[in-house]
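Asks: Spelled out from the first residue to the last, the chains are:
Number of protein chains: 4
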Amino acid sequence: MSQKPLNVALIGYKFMGKAHSQAWRTVGRFFDLDLDPVMKVVCGRDAKAVAEFADRWGWEDSSADWEEVVKRDDVDVVDISTPGSTHAEISIAAAQAGKHVFCEKPLTFTVAEGKKMLAAVREAGVKHMVNFNYRLCPAVSLAKQMIDSGSIGEVRHIRCTYLQDWLVDPEFPMNWRLRQEAAGSGAHGDLGAHSIDLARFLVGEIGEVVGTKKTFIKERPAEGTSSGLTAQAGEGTEKVTVDDASLFLAKFTNGALGSFEATRLAPGRKNFNRFEINGSAGSLVWCFEELNCLDFYSTADPSTQQGFRRIIATEGDHPYAGNWWPPGHMLGYDHGFTHAAYNLTQSIAKDKPCVPDFRDGAQCVAVLEAVDASIESSSWAKVEMID
Amino acid sequence: MSQKPLNVALIGYKFMGKAHSQAWRTVGRFFDLDLDPVMKVVCGRDAKAVAEFADRWGWEDSSADWEEVVKRDDVDVVDISTPGSTHAEISIAAAQAGKHVFCEKPLTFTVAEGKKMLAAVREAGVKHMVNFNYRLCPAVSLAKQMIDSGSIGEVRHIRCTYLQDWLVDPEFPMNWRLRQEAAGSGAHGDLGAHSIDLARFLVGEIGEVVGTKKTFIKERPAEGTSSGLTAQAGEGTEKVTVDDASLFLAKFTNGALGSFEATRLAPGRKNFNRFEINGSAGSLVWCFEELNCLDFYSTADPSTQQGFRRIIATEGDHPYAGNWWPPGHMLGYDHGFTHAAYNLTQSIAKDKPCVPDFRDGAQCVAVLEAVDASIESSSWAKVEMID
Amino acid sequence: MSQKPLNVALIGYKFMGKAHSQAWRTVGRFFDLDLDPVMKVVCGRDAKAVAEFADRWGWEDSSADWEEVVKRDDVDVVDISTPGSTHAEISIAAAQAGKHVFCEKPLTFTVAEGKKMLAAVREAGVKHMVNFNYRLCPAVSLAKQMIDSGSIGEVRHIRCTYLQDWLVDPEFPMNWRLRQEAAGSGAHGDLGAHSIDLARFLVGEIGEVVGTKKTFIKERPAEGTSSGLTAQAGEGTEKVTVDDASLFLAKFTNGALGSFEATRLAPGRKNFNRFEINGSAGSLVWCFEELNCLDFYSTADPSTQQGFRRIIATEGDHPYAGNWWPPGHMLGYDHGFTHAAYNLTQSIAKDKPCVPDFRDGAQCVAVLEAVDASIESSSWAKVEMID
Amino acid sequence: MSQKPLNVALIGYKFMGKAHSQAWRTVGRFFDLDLDPVMKVVCGRDAKAVAEFADRWGWEDSSADWEEVVKRDDVDVVDISTPGSTHAEISIAAAQAGKHVFCEKPLTFTVAEGKKMLAAVREAGVKHMVNFNYRLCPAVSLAKQMIDSGSIGEVRHIRCTYLQDWLVDPEFPMNWRLRQEAAGSGAHGDLGAHSIDLARFLVGEIGEVVGTKKTFIKERPAEGTSSGLTAQAGEGTEKVTVDDASLFLAKFTNGALGSFEATRLAPGRKNFNRFEINGSAGSLVWCFEELNCLDFYSTADPSTQQGFRRIIATEGDHPYAGNWWPPGHMLGYDHGFTHAAYNLTQSIAKDKPCVPDFRDGAQCVAVLEAVDASIESSSWAKVEMID
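First to last, the sequence lines map onto chains A, B, C and D. According to the numbering used here, the first sequence holds residues 30 to 416 in order. According to the numbering used here, the second sequence holds residues 30 to 416 in order. According to the numbering used here, the third sequence holds residues 30 to 416 in order. According to the numbering used here, the fourth sequence holds residues 30 to 416 in order.
If you are wondering where the hints come from, they were derived from the structure by calculation, not from laboratory data. Please note that a few of the clues may not be correct.
A pair holds if it fits inside one copy or across any two, identical chains being indistinguishable in the list.
To be verified - As a list, the in silico BS3-like pairs of lysine-lysine whose alpha-carbon atoms are at most 25 Å apart:
1) Lys-144 <-> Lys-411
2) Lys-280 <-> Lys-381
3) Lys-381 <-> Lys-43
4) Lys-243 <-> Lys-268
5) Lys-145 <-> Lys-100
Make the full structure from the sequences, and use the hints.
Replies: Structure follows, in C-alpha cells:
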C-alpha cells in the first residue's frame with residue numbers, strides 16, 4: 030500500500046471488539062482506500078487477555094491503560110467498543126487528545142452527556158462517527174437511496190420491531206447487559222436504539238413519543254451460576270435492573286407515524302431487526318434475518334402486476350455490494366462493520382463529515398430519554414432537538 | 030334434510046350480504062347440522078335491487094322493511110350485515126321480537142349503545158353472536174387451542190397489524206366508510222376492531238391503552254366522481270371525517286403487552302391482518318394473506334432443531350378443516366363465514382352460548398373508545414370492563 | 030334468473046362430486062351467466078347414498094343408472110367426476126346422446142382411448158371440456174396472459190413439481206387410487222397430468238421425454254384395514270400396482286426444456302403443485318400452496334430494483350377475481366371449480382370452443398404414455414401429436 | 030500464535046483467489062487451530078498484477094512461476110484456485126513435490142484425468158481436498174448431521190436446482206467460462222458439479238443418469254466488446270462452446286431418485302443453489318439464497334403441529350456457527366471458505382482424512398461424464414464408481 034497510514038486504537042475486545050477488528054483487517058482488502066488503516070493497539074482491562082487478543086487479531090500492540098492509549102502520538106483514530114457507560118469519558122478524552130473517534134452505540138445514556146461528547150468532538154475539530162451498523166447493510170443503504178429519490182413518495186408510516194429471544198430462559202444468568210449501571214437500559218437502549226436510528230435515517234426526526242417498558246423476569250441466577258441450575262430462593266440470584274421489552278409510538282416532525290417495539294423475550298426471533306415503511310407511492314420492508322433482501326412495492330407498476338418485489342441487494346450497482354462478490358453471493362453480519370471502517374477512513378481522508386455522527390448518536394439518546402419521560406408522566410413527551 | 034328448519038332473515042345485501050348469503054347456502058353442504066338453515070328473507074332499502082339479490086342468491090323472499098321482517102313469525106334468526114350505524118336499532122328490535130341475532134362487526138360505535146344491545150339480547154334470552162370472522166379461520170382457531178393447551182406458555186407480547194391500501198390513491202372517491210356518521214370511525218373501527226377481537230380471543234382483556242389516529246388525506250372527490258378525475262379545487266370534493274390510520278399500545282390485565290396498528294394507506298398490503306404472539310415457551314404468527322398457515326415456534330424442540338414451523342391448517346384434525354377438502358386444498362375468505370353459520374346454528378340447536386357474543390362485541394368497542402379517550406387526554410386511558 | 034336453463038347431470042359423488050356440486054351451486058351467484066345451470070340429477074352406484082347426496086347438495090334427482098341418465102331429455106351437460114377408468118365409456122355415451130361433456134382428468138389412460146373420446150365428441154358436435162382446474166386459479170390465468178403478452182419473453186425453462194405426502198405412512202391402507210385397473214397410474218397420472226397440462230397451457234407442446242417411475246412402498250394393508258394396525262405378514266396386505274413417484278425431462282417443440290416430478294411421498298408437501306418458468310426477459314413462479322400469489326421477475330425493471338415480485342392475484346382486473354371479493358380476500362381450492370363451471374356455461378351459451386378440451390386431455394395422456402414408453406426403452410421417446 | 034506454521038501457496042488470484050485469501054486471513058481469528066496458516070506466496074501469470082494482489086491481501090511473496098512455487102521448501106500446502114483446465118497439472122506437480130493439495134472444483138474435466146490426480150496424491154501420501162464450499166454452510170452441515178442421525182428416515186427423493194441469470198443478456202460478452210477448452214463445460218460443470226456433490230454428501234452415490242444440455246444463446250460479443258453494443262453480424266462475435274443449461278435424472282445406488290437442473294438463464298435467480306430431500310420420516314430444504322436457514326419437516330411432530338420449520342443455523346451448537354457471532358448474526362458467502370481452511374488445517378495437523386477429498390472430486394466428474402454419455406446415446410448411462 031502506498032497510502033499514508035491511519036493508525037487505529039481499539040478500546041474493548043469482546044463481541045464488539047472482534048467485529049471491529051475483523052472490519053479493520055478486511056476493509057483494505059475489498060475497498061480502495063485513500064488512507065491505509067493500521068491496527069496499532071488494542072486496549073482492555075485484563076493485560077494478559079488483551080495481549081492474547083492482539084496477537085490473534087493482528088494488533089501491533091496491546092495495553093491495559095486506555096488513558097495513555099488515547100494520547101499516543103502514533104494513534105489517529107480511537108475506536109470505542111466498550112460498554113456504553115464508558116463511552117463518554119473515553120470519547121471526550123480521545124477528542125481532547127485530537128483523535129478522531131469511532132464509537133459503538135448507544136452513544137451514551139443521557140442527553141446531557143451526549144451533548145458534552147458532541148461539544149468535545151466539535152471543539153476538537155475531529156471526525157466523529159457512531160456505529161449504527163445496520164444502516165450499512167447494502168439493502169438498507171439502498172432503501173435510503175430509494176426513499177431519497179422518491180420511489181415510495183411521501184413517507185407516512187414506519188413500524189420497527191427488533192426482537193430477540195436470548196433472555197427467554199429464566200435460568201439465563203445475569204451479565205452486565207442486565208444491570209442498569211453498565212448498560213443504561215435493556216432492550217430499550219440495546220435494540221431500540223438501532224430501530225430509532227434506522228427510523229431517523231430513513232424517515233426523519235421524531236417529535237413526540239409515548240411508550241412503556243417492562244421487566245418480565247425480575248431476577249436471575251447470579252453471574253457465574255450455570256444456567257439450568259436454579260439457585261436457592263433469595264440466594265444466588267440477582268435483581269434485573271433493566272427492561273426486557275420497550276414499546277413506543279412516535280410522531281415524526283414531517284407528519285409520519287411510527288411504531289417501535291424491542292424485546293429480548295420473543296421465542297424464535299434471533300436478531301429480528303425489521304422495518305416496514307409505507308409511503309404515498311410505495312412501501313419498503315427489510316429484516317436483518319434476511320439482511321441481503323429489500324422488499325419494495327411500487328404503485329407505479331402496471332395495475333395487474335403490482336406486488337412486493339424482493340430485491341437481492343448484491344448487484345454491482347447496489348451500495349457497497351460491488352466491492353465484495355458476484356450477485357447472489359450473500360453478505361453477513363460482519364460485512365456491515367467493514368463498510369463502517371470504509372466510510373470512516375474515507376471521511377478522514379477526504380475531510381468530509383461522517384454519517385452517522387455524534388449528533389445522530391445524541392439525538393437517538395434524546396428519543397430514548399423522551400420515552401422514559403413519557404413513562405414517567407403516563408403521557409406523550411416531546412423529544413429534545415439537538416443542534 | 031330431516032332436521033327442523035332454522036329460518037334466517039338477512040338484513041343488508043352488499044359486500045357483507047353476499048358473504049353471509051354464501052355462508053348460509055354452503056354450511057349445510059359441508060357440515061352436519063342439528064337444524065336446517067332456511068334462507069327465508071333478505072331485506073334492503075331498494076326493493077327492486079333486493080328482490081334481484083334474493084333471486085340470485087336463493088332467498089325465498091325479499092323486503093324493504095326491516096322492522097316488519099324482524100317480527101315475522103317465520104323468522105328465527107336475524108342476520109345483520111348493514112353498516113354499523115344501524116346495528117343497535119335492528120339488533121334491539123330483533124331481540125325484542127324474540128329472534129336470535131347475528132351481527133356484523135363493529136357491534137356499534139359507543140359502549141353505551143353496546144350495553145343497551147347486550148341488555149336487550151340478554152333480557153330476551155336469545156342467542157347473540159358477532160361476526161368476528163377471522164377467529165374462524167382454521168389456523169386462528171388452532172392458535173387458540175394451542176395457547177389454551179400451553180404450547181407457548183404464558184403470553185407476554187402480541188403485536189397486531191391490519192394493513193390495507195385501498196385509500197392510497199387520493200382520487201379514490203368518498204363512500205360511506207369515509208363518513209363518521211355511517212362508519213363511526215375509519216381504519217380504527219373497521220380494521221382495528223378485528224385486531225382487538227383477535228387479541229382478546231387469544232391473549233385476554235386489555236386494561237389500558239394509549240394511542241393516536243390520523244387522517245392523511247383530508248378530502249376526496251365526492252361520491253360518484255370517477256376516480257382519476259381531479260375535481261376542481263373546493264368544488265366536487267368532500268371532507269373525510271374518519272381516520273386513515275390508528276395506532277395504540279395496550280397493557281393486558283394479565284400482564285402482557287400489546288401493539289396495534291391499522292391503516293388503509295399501506296401500499297401493497299391488501300388484507301394484511303397479522304398477529305405475532307410471544308409466550309414464555311414459544312411464539313405463534315398468523316397473517317390473513319396466508320390464511321391457511323400458522324407459524325409456530327416451540328422452545329421445547331431439540332436445541333439444534335428449533336425454528337418457526339409453518340403449519341398448514343388443512344388437516345382433518347384441524348378445526349373446521351376436516352369438513353372441507355383433503356389436506357393442502359386451501360380455504361379462502363368466505364369459508365370463515367360458513368364456520369360462523371355453523372357455530373351459530375349449532376349453538377341454537379344445542380342451546381349453548383355463542384362465541385363471540387355481544388359482550389365480546391361491546392368489550393371490543395370499549396377498547397376502541399378508550400383509545401379515543403387516550404387521544405383526547407394525550408395519556409394512557411383505562412378500558413371499561415363490561416359484565 | 031330469466032336465462033334459459035342449462036340442465037346438468039353429475040356422474041360421481043365422492044371428493045370430486047362434492048367439488049363439482051359446490052361449483053354448480055355457486056357459479057350463478059358470483060358470475061353473470063347467459064344460461065342458468067340447473068342441478069338436475071346426480072348419479073352413483075349406491076342408490077341410497079346418492080339420494081342422500083342429492084338431498085344434501087340440492088340436486089333435483091338422483092339415479093344409480095348412468096346409462097339412462099346420459100340419455101335423459103332434460104339433461105344438457107354430463108359432468109363426469111368418477112375414477113378415470115370409466116371416463117371413456119361415459120363420455121362417449123353422453124356425446125352420442127348429444128350431450129355436452131365435462132370430464133375430470135386424466136381424460137383416460139391410453140392415447141387410443143383418448144382419440145376415440147375425441148372423435149365421439151367431435152362427431153356429435155357437442156362441447157367438451159376437461160377439468161384441469163389449476164389453469165383456472167386467477168394467478169395461473171394471469172401467468173398465461175403475461176406470457177402471451179411477452180412479459181417474460183421467449184420461454185426457455187419450466188420446472189414442475191407436484192408433491193404430496195399422504196402415502197408416506199406405510200400403514201396407510203389400499204384404495205382405488207393405488208390399483209392400476211382403476212387409476213391407470215399413481216402419482217404419474219394423478220399429479221403429473223396436472224403439471225403436464227399447466228406446461229402445455231403455459232409453454233407449448235412437449236415433443237420428447239425421458240423418465241422413470243418408482244413404487245417405494247410395494248404393499249399396503251388391505252382396504253378397510255385401519256391404518257396403524259399392521260396386518261400379519263402376507264395376510265391382509267395388498268400389492269400396490271401404481272407408482273409412488275414419477276420423474277421426467279422434456280423437450281418442447283419450441284425449444285424450451287422442462288423438468289417434471291410427481292410424488293406422494295414428500296413429507297410436508299400437502300398439495301405442492303408448483304411451476305417455475307424462465308424466459309428471455311423474466312420469470313414466473315406459482316405454487317398451489319400459495320394459490321393466490323404469482324411471483325414475477327422482469328429484466329425490464331430498473332437494474333437496482335429488480336426482484337421477484339409477489340402479485341396477489343385478487344384485484345378486480347385479475348382473471349375471475351373481480352367476481353368474488355375485494356382485493357386481498359383470498360380464494361381457495363373450490364373457487365377454481367366454479368371458474369370451470371363458468372367457462373363451460375358461457376362456451377355453451379355463446380357456442381365457443383371450450384378450453385381445455387378433449388384434445389388437450391388426450392394430448393396430456395400422450396405425454397404420460399410417452400414417459401411410459403421411455404421407461405420401457407430406457408431412452409428418450411417421442412410424444413404423439415394428436416390433431 | 031505458538032503453533033507451528035502451515036505455509037500456504039495460492040495459485041490463482043481472481044474471484045476464487047480473493048475468496049481463498051480471505052479465508053486464510055480469517056480462519057485463525059475465529060477458529061482455534063493446531064497449526065498456524067501462513068500466507069507465504071501467491072502465484073499468477075501476470076507478475077505485476079499478482080505482486081499487487083500479494084501486497085493487498087497480505088501474502089508474503091508473489092510469483093509468476095507456479096512450477097517453481099509448488100516445489101518451494103517453505104510451502105506446505107498448494108491451494109489451487111485457477112480455471113479447471115489447469116487443475117490436473119498443478120495438482121500432480123504439487124503432490125509429487127510432497128505438498129498437501131487444496132483444489133477448486135470441478136476437480137478436472139475427465140474421469141481419466143481425475144484418476145491420475147487421485148493416484149498422484151495417494152502415492153505422495155499428502156492430504157487432498159476439493160473445495161465444495163456449499164457443504165460447509167452451517168445449515169448444510171446440519172442437514173448432513175440430521176440425515177445421519179435418522180431425522181428424516183430413509184431418503185427417497187432429492188431435487189437439486191442451481192439457477193443463475195448472469196448470461197440472460199445476449200450482449201453479455203464472451204469470457205473463459207464460455208469456452209470449452211478452459212471451462213470444460215458451462216452450467217453443467219460449474220453449477221451442476223456443486224449439486225452433484227451435495228447430493229453425494231447427503232444422499233449417497235449416483236448409479237445411473239439420463240439428461241440433456243442446451244446452449245440457448247449460441248454466439249456472443251467477443252471478449253472486450255462492451256456489453257450493450259451489438260457487434261456487426263458475423264464480425265466481433267464468438268461462438269459459445271459450452272452449455273447454458275443442463276438437466277438430468279438420477280438413480281442412486283441406495284434406491285433414491287434425483288432430479289438435477291443447472292442453468293445460467295433463469296432471470297431473478299442469482300445464486301439459487303437449492304435442494305429438497307424427502308425421506309420416509311421427514312424432509313429437508315436448503316437454498317443458498319437464504320444460506321443460514323434449513324427447513325425441516327418431521328413426521329414425528331404431533332399431528333396437528335406438523336409443518337416445515339425454518340431452522341436458523343446460527344446457534345452455538347450448530348456446525349461452525351459458534352465460532353462466529355451470537356445467534357441470528359447471519360453468515361455470508363465467504364464464511365464457508367473459512368470453514369474449508371479450518372477443516373484442511375486441522376486434517377493436516379491431526380493427520381486425518383480430508384472431506385471432501387480428490388475421490389469425491391473425481392466421482393463428481395464421473396457423474397458429469399455419465400450425463401454426457403447419456404446425451405451421446407439418448408439413453409440412461411451408468412456412472413463409473415471410482416475406488
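Asks: Confirm or reject each hint.
Replies: We went through each hint and held it up to the structure:
1. Lys-144 <-> Lys-411: within (17 Å within a copy, 38 Å between copies)
2. Lys-280 <-> Lys-381: neither (31 Å within a copy, 47 Å between copies)
3. Lys-381 <-> Lys-43: Close neither inside one copy (30 Å) nor across copies (33 Å); limit 25 Å.
4. Lys-243 <-> Lys-268: within (14 Å within a copy, 41 Å between copies)
5. Lys-145 <-> Lys-100: Within. Shortest intra-copy distance 19 Å satisfies the 25 Å Cα cut-off; inter-copy 62 Å does not.
Violated hints, in rising order: 2, 3; the structure is consistent with all others.
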